[in-house]
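Peer 1: What follows is the residue order along each chain.
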Amino acid sequence: MSLLRLEGIRKGFRRGREEVVALDGVDLCLDAGGFTALVGPSGSGKSTLLHLSGGLDKPDAGRILLDDRDLSTLSAGDRAQLRRRRIGFVFQFFHLIPTLTVAENVELPLVLDGARKTNGRVGELLDRVGLAHRADHLPGELSGGEMQRAAIARALVARPQLLLADEPTGNLDSATGGEILDLLCQQVSEEGTALLMVTHDVSAARKAKQVLHLRDGRLAEK
Amino acid sequence: MTRAARLLNLRRMRRQPLRVVLAVLAVGAGISLAMAIFVVSASMSSSFAKFGRSIAGPAPLRIVGAASRGGLDQRVLDTVDRTPGVAAAVPVVQAVTYGHTSPTSKQDIGVLALGVDCRIEAFVGRFGCDPQALASASDSTAPLVASSLARRLGPQGEIRTDVGPVPIAGAPTQARLDGIAGGRIAVFPLPVAQRLFARPGALDVIYVKPAPGVSVDVLRARLTKAVGGWNGVLRSTDAPPAASLALGAFLPIFGMLSIFAIAIAAVLVYDTVSLSVEERRHDLAVVGALGGRSRTIIGGTMLETGVLGLVGGILGGAGALFLARPITASMSSFTTRFVGIPVTVQTTPTPFVLGAVLGTLIAAAAAWWPARRAMRMDVAAELSNRQMRDETAAPVRLKRAIAFTVLACGALGVCWLAQRNGALAPWQPIAGQLGVALASTCFIVACGAWAPIVLRAAGRMRRQTAATRLGLANLVRDPGRTATMAAAVGAPIATAFIIVSFVASIHDGVVHGITRGYTGQVRVATVDPNNTANLDSMVSPQVIARLRSFPGVARVDRTAFVLTGHETKKLVGVKAIEHPEPQWRLPVLNGTGDLGRLQQGEVMVGPGVARRLHLRAGSTLQLDTPRGFAPVRVQGVWQDGDTNGQAVTTSMAQLESLYGPQPSPEVLLKPAPGVSPAALAAAVRRAGIDPRLQAQTAPELATRISRSINAQFASFWALQRGLLLVAFVAVLSTLLLVAVQRRRELALLAAVGMAPGELGRMVVAEGVAIGVVGTVLVTGSGTGMYFALNQVVPILVGFKDPVRLVLPAIPLWGVVATVVVVAAALLPAWRTAHVEVVENLQYE
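Listed in order, the protein sequences are those of chains L and D.
In terms of this note's numbering, the first sequence opens at residue 1 and continues consecutively.
In terms of this note's numbering, the second sequence opens at residue 1 and continues consecutively.
Since the hints were made in silico from the structure, they are not lab data.
Accuracy of the hints is not assured; some may be wrong.
[As the list claims (entries may be wrong)] Quick look at which bits of chain D chain L covers, simulated, 3 or more residues with Cβ under 8 Å:
#: 1; stretch: 7 to 14
#: 2; stretch: 676 to 687
[Unchecked claim] Facing chain D, a subset of chain L residues (Cβ under 10 Å, in silico):
#: 3; residue: Cys29
#: 4; residue: Ser47
#: 5; residue: Leu56
#: 6; residue: Asp57
#: 7; residue: Ala80
#: 8; residue: Gln81
#: 9; residue: Gly88
#: 10; residue: Phe91
#: 11; residue: Ile97
#: 12; residue: Val111
#: 13; residue: Asp166
#: 14; residue: Ser174
By construction, the Cβ of each residue, glycine as well, lies at the ideal position given by its N, Cα and C atoms.
Start from the sequences, fold in the hints, and give me the full structure.
Peer 2: This is the structure in structure tokens:
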């Protein structure tokens, strides 16, 4: 059964006076437990597609269905709730809050959801990503790999059904990148989380069950 | 939400103490100026209430007369005694005068002289008072003096009265009196006080104690009915009505300036929050991406700002107490002379509480818009770096600058309309104050709005260093912040210019008025000329008699002044002079100003009383007198500023028929032919008729009054210093935050070869540019504000002074303000010079 379905998605942006079409009639299907890699040149619309899938933005045309719920019909509050509870984001530049410790960054989605007790889940995840010893450190004190592991822990803390990763290894060396990918693959295989990953990294894309190629706003299976 | 707010907002505050300090200082500075007024008013009320309690003892009510000096007919006492529910009624003469440590001492010590009879035992307990002894006491018998006053005056001390000085050598002392009026009390037998202080058959107050079980309010209503509407029944703790004259003009002016200070503080908080929100756009986008609710974002920002406002408000409360000191000192010098009550700053929790509330509200209001903007941010665009600020466009807001300039000029027009024809219409004072508030705000905003436009023109000048050119470009492309800084810098310069110009204006007005009115005459008095008409230290009849026979004196003209009314907003100053010279005639606003018709009982009224009571030529004015209401016919309205425009000029005969024989606060000597006023004044001074006697020609008098008025501007100078602090905070916080926001750009400049020193000089150049442009623009805006105030202030204070623009004050204070601004730019300059290149070029 499809967890995530994109149907006829079109999205454009205005840069000054110019209209740029980022996505032009994109269809995509991702099953629960599936792993799809999205590759393409810079500016092809990969991140835009990811943001649309996570309800961060609305398409100009088309439908985005998450568990058969059309995201475009949901209010901003409902979409935010989805992101808190059912979707996890992993970004290329980690996007950790610099004034919060690692543990506080990881628990942030739960705090935003009003959860009172988070220690158990946070500790479990920090163990899983190998950062238990860094729980009280600030992001500025971590290496790139550690920051991305913290970001992954944050993305997983609410037990999401869908994981959206935007160039998760883009800012890491190959060894560290490999570790990160292993973590993500582990999540897919062990927890049944669906993973949609944008990447430039060919070797990372090979780990996916399906590789889709995005060029000039159009999608093709590679 | 609370935990999220703690993590995302309050945690950030802990890690950015300097930003917190700046925001708190901005709120504190604005609040303190506004709260200072509250502290002054509260201190005055508190001081009056404390005095009232100490004087009145167990009596909760007091009856006052139609006039501030001896305004209560003694026969009212019988009426009070007969009123059901009165347990005790104690008549008192309460005179405000001076004491001195010796006949020749220059220092005036305020003394409250009381006259009581044996009825006082009903309040203080029996002490063996002998009514016959009191009735037969002579005027030369020394009074009962508070121990502390006796110590202060010393063995050669004396107390001035309306018939001359009374030595206190050998005077009995009473330590119990030390607790009343700060221990500056002297008590005379009632008949003696009535003679010494020119109150034959008259009293100042009757203190009333209700019988057991009688409600104070009920008794008050009965007494009000019994004593007649021209007398007043007040609570013992109520302020003396005459004391309100001190606040009459001061409060509206200071109020307007304080509202302006709060507006600047709100703009600074808005700026700080906007920049802070902008700086953490990225964090807010991440929170949004993780599913943060809109109320988390907006609520957290409001909470953070609310905390800053709360702390700033409390700090403002402390600042208010500090700022209130010079203002209260100025008010106190007036109240001490006018009603014998000194005022001190009362430290209570209220300014802190009110300051905290006001600070929180202002901060929350200022943060609302930036918080909403943050809530509506395009998260996806922010995370993709699509929503970068357009750092190349430089919108020049010419329309805004023109619009505010036009609005300011329009407000100036409103001020002009408000003062037309003497401002006799009821709507004119309100329109005037609104006009001043609008003109001041719009002129300062216009000053800020023109700043980036002027700077853009300046940026085209040749021969600029790279640092200067970049600094000017930074200011031009951020017109909003540049406007705020320029406005904040312009405000203290404009305030200083206005104060200095008003001082010059008042000086010239006083010189012109005094010179015209007193020309060819010599003023003789025992006290200084300003605000001393209520002092019971008048020129004695013996001195007047000696002056009448003094060589070179052709004529001695007595003056008289009576402050009537017992309700704060209904006071009228009735004055007269024997044989008024033609130059006494003031500009007439309505009707005629025929001095001859004064002798026929037709009075001239000032613009304030004319407006309040709708008086014009031909109207009938009801004056409160000790024997009832007295109708008098109004001949006309003229520009008389005495008593804040609430003055009525009559003939001496009419005044004394209404209020009884009056002592003279001053007399005017007309020199005999061939004798100059200067020679006569010198001769009178040399003669030593009375050690206290002053003799002044018109120019000497003008200088003395002018100097006395200047001293009252101390509070406005304190305000101006406060505005300099606000300017400092404005520039420091803005430049600091902008440096944080532009750190990528600054890192790039450093990366392409701009030396650290040059980077720092760029920021300093911004500070200098702000100082200079603020100074230049305030020439126009400050002049506009001055004209607005010049039109409207006469409506409040009664005196119309000529326009005087002391333009050199602008560059002088411009230099001071620029130095302050450059000092504020030093820390941002240092930080900019030490920007971390690699770290900031990698900034996400």
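Peer 1: Confirm or reject each hint.
Peer 2: Hints and how they fare:
1. 7 to 14: With 4 residues in contact (Cβ-Cβ under 8 Å with chain L), the coverage given for the stretch 7 to 14 of chain D holds.
2. 676 to 687: violated (count 0)
3. Cys29: Given a least distance of 22 Å, the restraint on L/Cys29 is violated.
4. Ser47: 6 Å, holds
5. Leu56: It holds, given that the least Cβ distance between L/Leu56 and chain D is near 4 Å, below 10 Å.
6. Asp57: At 4 Å from the nearest chain D Cβ, L/Asp57 passes the 10 Å test, so the hint holds.
7. Ala80: 4 Å, holds
8. Gln81: Since chain D brings a Cβ to about 6 Å from L/Gln81, closer than 10 Å, the hint holds.
9. Gly88: Given a least distance of 9 Å, the restraint on L/Gly88 holds.
10. Phe91: 7 Å, holds
11. Ile97: Given a least distance of 5 Å, the restraint on L/Ile97 holds.
12. Val111: The hint holds - L/Val111 has a Cβ within 10 Å of chain D, the shortest such distance being about 5 Å.
13. Asp166: 8 Å, holds
14. Ser174: Cβ of L/Ser174 sits 20 Å from chain D, so the hint is violated.
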